[in-house]
Amino acid sequence: MARGVFKEYKGKELAQALQDLWRELLDRSVFKAILLPMEVEGGLVAPGLLTDPDRARESRALNPYMPVNTARVLQMMTKTMPPSESVAVVLRPCEARAVVELVKLKQVAQANLTVISIDCPGTYALEEYRKMLDGGKDPGTLLMERASQGDEDEQLRESCRICLYPRAPWADIRIGFLGLDYRRRFLIEALTESGEQVIRELAVEVADLPLKEREAFLEELRAKRKESEQRVFKDQQEHLRGADKLLTALSSCIGCHNCMTVCPVCYCKECFFKSPTFEMEADRYMGLAKKRGAARMPSDMLLFHVTRMAHMATSCVQCGMCEEACPMEVPVFRLFKAVSTQVQALFTYEPGRDLEEEIPVAAFREEELEKVQEPKI
Amino acid sequence: MPYTKDQAKKKRDEEDKDDTKIIGFFCNWCTSTAADLAGTTRKEYPASIRPIRVMCTGTVDPVYVLDALVKGADGVWVSGCDLGECHYVNGNYKARRRIGIIKTILDVLGLDSGRVYLTWISASEGPQFAAWAKRITEEIAKKGRNPLADKLTT
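Quick note, the sequences are listed as chains E and V, same order.
Numbering (our numbering) for the first sequence: 1 to 377.
Numbering (our numbering) for the second sequence: 378 to 531.
One chain only, chain E, in its complex shape (with noise of 0.2 Å):
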């Protein structure tokens, strides 16, 4: 059982009764602006703050692209101060769960704003929605029916092909498609009060809504990409574990720190890698590889991945983001969805459920972790 209302919307695509409810919601006051995906110059999508209804025609909330994850740009926008007036944010699963999770770090401020999540079937890496784009094809409108469907398409992601978040855990608004008779209408769906609020005010009843079919249907498309998960972590025990295979993996690293820079989650305001701690005079350079006979330079290219792996696994959203922005294919994705799973498991955590859910290394349980420990003598 859900609380929340259909849409109904006849004679239009799912993407411009879309539109309508982002006009209406600022057509009403509701929200002062928008934050959500817009097609910008050249076709391409990223995110934009709307402001003017007249403008949502621009909106492309379906179109399977992400540039950044929006996660990030909540982060910048509301560091200094959040906003005065009511803003909405319009997210993907995993953003919404790196909201949370922000949120949880203190980096996200909640104040004067609504989160919206919206049902994702998977996105595209740059080049394949470029060529979709230019072969003259709406990538959005392909998907979706493929998706509605149950067809997995091999050219999403990898970080989409395996993800078991299509719907987002947490938000204040839901907005669902997958498992749903899409043509014809689509789901608003309130899971906090504020959430209820914002449907009122668009002058509908929030009523009690069964929802078995979308519940089968999601239930089915998360046990398929578990299966194709156990692929991916069996590929990556094989292939990239071990001394050897996983500096193999990491041998192309440049050490630009793009992996870092996109991560939603890699949530210090000053990156210790970035910090004068690695600001080393000539002498301690010749003292490392001195000990070993040669050193690559530049160093610590090993202890960045691991350390980060070590900073933000217990809130990794699984994204992928940091190798879509890798531009010398290391396999960062596959590394960190193996440790981040794990990790999570340790402490049965899953990032991005629950506002109050205590981030792992933030709290302590008296009896836990007996293995890490070694026995008193």
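By construction, these hints were calculated from the structure, which means they are not laboratory data.
By construction, the Cβ of each residue, glycine as well, lies at the ideal position given by its N, Cα and C atoms.
Since no wrong hints were added, every one of them can be taken at face value.
With a Cα cut of at most 25 Å, we get these calculated BS3-like pairs of lysine-lysine: (1) E/K291 to V/K398; (2) E/K10 to E/K212; (3) V/K528 to E/K290; (4) E/K79 to E/K106; (5) E/K291 to V/K386; (6) V/K520 to V/K398; (7) E/K290 to V/K386; (8) V/K519 to E/K291.
A few chain E positions that, by computed beta-carbon distances, are all more than 10 Å from chain V: (9) E201; (10) K212; (11) R231; (12) L355.
Once you have looked at the hints, place chain V on chain E.
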């Protein structure tokens, strides 16, 4: 007179031979005091331990442990007050979570989490400190050198 290349290598090999290196992060209040006690009561323990005194195991950022391993230490030993007895109330519980994360990462990446030890040794347990120092040194010596020690990439 500077060493020739061969002499330098030979010297390095000699120094390194059988020289298991274990970096210890010991808390000021308990394990460091226990180490002192082991010394003053003339308990013998291997010289493989390179102790670093920290105020609390809770201050040991994962990067210190990982840096030691990546730079070629054969083992890392973190030790603090008994659970429930932390001088800062709960620093050692937090340390346990961090070491749990580190060990999981090392396991998944195949970098041998068995090279990381976490013990609780109180200030009065000098003999236990010496016993752990022996046991950890033996176990790590059995594993052999850290495979990351001679890699080009750090």
